Amino acid sequence: MKTTKHSWKREIFMLIFDVLVILLIVAWLFGFRVNTTPSIPEGIYQISLGDFGRGELVGFCLDSENPFSQLAEEREYLGSGSCPSGLQPLIKNLVGLPGDDLRITDEGLILNGDFLQGTALANHDSQGRPMPPSLLNEGIIPDGLCLVLSQGHIGSFDSRYFGLVPLESLRKVIPIAVFGQD
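Residues 5 to 186 in our numbering are what the sequence shown spells out, letter by letter.
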């Protein structure tokens, strides 16, 4: 059978497409993710099994039993993803650890006596919809839990709303190529 110019171009296109799909799958398996949300700078990040500490970026899945998981799906705060809830993982800064003293004021959060800029709770989301009461409680952060925030974005969906997150659910996140960062 004779190969036409048109079928040859199609075969090349399909080969390139297949290679790109394979590269994307391999990148996904090696923990590479693209962030396009305003909570952290846009860019390419890698989820790692390494140790993490205060102030570092971490990724995690919002527990499907958390009422804010359903809200995140209904209001499309999070898209479809690889979490058990079917939602995409979140990436935030690890701010508070077990034993830290957390206080909540109208102006924002206070951690170990230090005011955390940009942490006031919003009464409404960016679409003007009322926010339900926060699940975050004042006091000493208990063993096994942590506070995750995105202080750089006032409207971030973080611990201010869905509460403390289990430390065991966190994975270290490494910025690979970040765009639009000051």
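Read the hints as simulated data drawn from the structure, not as lab findings.
The structure displayed is predicted, hence computed values, not measured ones.
All C-beta atoms, glycine included, are put in the ideal place defined by N, C-alpha and C.
Mixed in with the good hints, there may be bad ones.
As the list claims (entries may be wrong) - Computed list of lysine to any residue pairs in SDA-like fashion (alpha-carbon distance at most 25 Å, straight line):
1) K176 x D22
2) K176 x G90
3) K176 x K13
4) K176 x H128
5) K176 x I29
6) K13 x L28
7) K13 x F36
8) K176 x L19
9) K176 x R37
10) K176 x T109
11) K13 x E78
12) K13 x P93
13) K13 x V25
14) K176 x V23
15) K176 x W12
16) K176 x Q131
17) K176 x E111
18) K176 x G132
19) K176 x D110
20) K13 x G85
21) K176 x G47
22) K176 x F17
23) K13 x N97
24) K176 x N127
25) K176 x P146
26) K176 x S11
27) K176 x N97
28) K176 x S86
What the hints assert, rightly or not - Restraint ranges, calculated between C-beta atoms of paired labels, are given here:
29) L24 x I180: 14 to 22 Å
30) R14 x V38: 25 to 33 Å
31) D104 x M18: 53 to 61 Å
32) M135 x M18: 42 to 50 Å
33) N141 x M18: 26 to 34 Å
34) E69 x S130: 37 to 45 Å
35) P134 x D105: 52 to 60 Å
36) R107 x E46: 44 to 52 Å
37) G83 x L27: 57 to 65 Å
* Against the structure, test the hints numbered earlier, and report the numbers of the ones violated in rising order. => Violated hints: 1, 3, 4, 7, 8, 10, 11, 12, 14, 15, 16, 17, 18, 19, 20, 22, 23, 24, 26, 33, 34, 35, 36, 37; rest satisfied.
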